[in-house]
Amino acid sequence: MRTHFLIIGGTRQQRIAAARARGARQPVIGDAATLPFVRPAPALLDAAPRVISIDDVERAFPNTQSGVRLVLTQSTYLVQKWIDTLRAGDRLVVTAERTALDQAAPEAFQARGPWAAFELVDLDRATTILTTGETKDTENEERNDPTRHSEKRSDLPFVSFVVDERPTALVVRAYGSPSTAQRIALCREAVAIGTDDPVAQLALASACREARDVRGARAALDRALAIAPAWEAVHFEDGKFWLDSDDMEQACAAFQRACDLMPSFSASFSNLGATLGELDQPDAALAAFRQALAHDPQGFPILNNIGVVSRELGRLDESEAAFRRVIALAPSFVFGYYNLGHTLFLAGKIAAALAAYEEGQRRDPEKNRRQACRLAVMRFANGDLAGAERDLWAAADAAPTGERADLLLEAYEIAHAAVAQNPRLDADRRFVGRIGEAIAHDGESHR
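Residue numbers (this note's numbering): 5 to 451.
Derived by calculation from the structure, the hints in this document are not laboratory data. Among the hints, erroneous ones may be present.
As the list claims (entries may be wrong) - Per label pair, the in silico range of CB-to-CB distance:
#, residue 1, residue 2, range
1, 6, 294, 18 to 26 Å
2, 7, 414, 32 to 40 Å
3, 328, 440, 33 to 41 Å
4, 446, 285, 16 to 24 Å
5, 428, 129, 51 to 59 Å
6, 420, 355, 50 to 58 Å
7, 88, 283, 23 to 31 Å
C-beta atoms are modelled at their ideal positions from N, C-alpha and C, and glycine is treated no differently.
The task is simple: from the sequences and hints, build the whole structure.
Below is the structure:
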């Protein structure tokens, strides 16, 4: 059920007026850029129902880091945290500048995670856009006359946050800066002021990871864990640290703890599933991915992982269904087509597999060589020997030596599997033989 509103379009003042028309009073805080780095005051849990207003919400999701991103600045975490704090009948009404929000949190427009609970009100179109893609008319009076529904606001209290301005202001500046060095310096200053502030410690840890300062990141994380052992964000960042260190057991334990502490945060379960997969626990990985999907039904990367793990477990029908959902949700995600093609091939649906690979290559701006070789084998499996020869050698001959050998070996194995599925292909075994000869020749020439 969509109970919250995201208002875009128009001018800033028009967006604010539209928010007020939906029952909002003052925003919860003067500058939304502060919101990632404060924690809701206990008063937020008091009287209900309330309408909680956040203006310029895009400022709550700074995206200035390079290669990493602090979980506190990610909208799927922060908005979910806000929603988890609400009581029945409460409502969030947030405004945003369209382009800035798309850059900071494109998932808002994809109805990912907690954003599925929002109706998108586009003042430029004078419609409310539902997450299903449907639209409904809004009343123009709400845009132009913010006093029209003033009676809705009479008993709605102003909700605020507790902010320790000294370290918080420094961290806000740090994550508004494009400079990694300045981010670290400001976070160190914040930590020096607020040594027992877990937010400052976590912000410093992420900045250190950005700068590849492993020791600095580990020290800050350990301090944050000691200060706030029951805060899921610390365990989530801890899991990311161990992933970077290729310690899957530590990463798995950290993500599991994050899941236990905040079971509504989809990304914790996605990362848990990934680590369980690396630990060769596919059934447990699939369960984690399904839990992630429950909190992010539009999450095509989650569905892609479900498709891969289901295929590994031999559940080809489930794998096919997952990949078909992936390409329906994200038509430009080319690996959805490639993965679908591989599943269909294993299921013996050779013609459908070829069509999936062809669509992937058609949409793929990079024309992935490995997938081009797989497409070639699908052409062979469908009896198109000339097309198979053309595509395979065009891709393989363009690859560096080491990659070429790997591509040819995989093509050789898949082609053998295709012959095993369809003995009629045995008449064209010269295609397979030529690949084998090329592998042998390349191996001899590099001894």
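Evaluation of the provided hints:
Against the hinted window of 18 to 26 Å, the Cβ-Cβ separation of residue 6 and residue 294 comes to about 23 Å, which satisfies the hint. As the Cβ distance of residue 7 to residue 414 is approximately 50 Å, the hint placing it in 32 to 40 Å is violated. Remark: the range hint 33 to 41 Å for residue 328 to residue 440 is upheld by a beta-carbon distance near 35 Å. The beta-carbon spacing between residue 446 and residue 285, approximately 37 Å, falls outside the hinted interval of 16 to 24 Å.
Range check, residue 428 to residue 129: Cβ separation about 56 Å, and the 51 to 59 Å hint holds. Range check, residue 420 to residue 355: about 20 Å between beta-carbon atoms, so the 50 to 58 Å window is missed. At about 29 Å, the beta-carbon gap between residue 88 and residue 283 stays in the expected band of 23 to 31 Å.
Against the hints set out earlier in the document, violations occur for numbers 2, 4 and 6.
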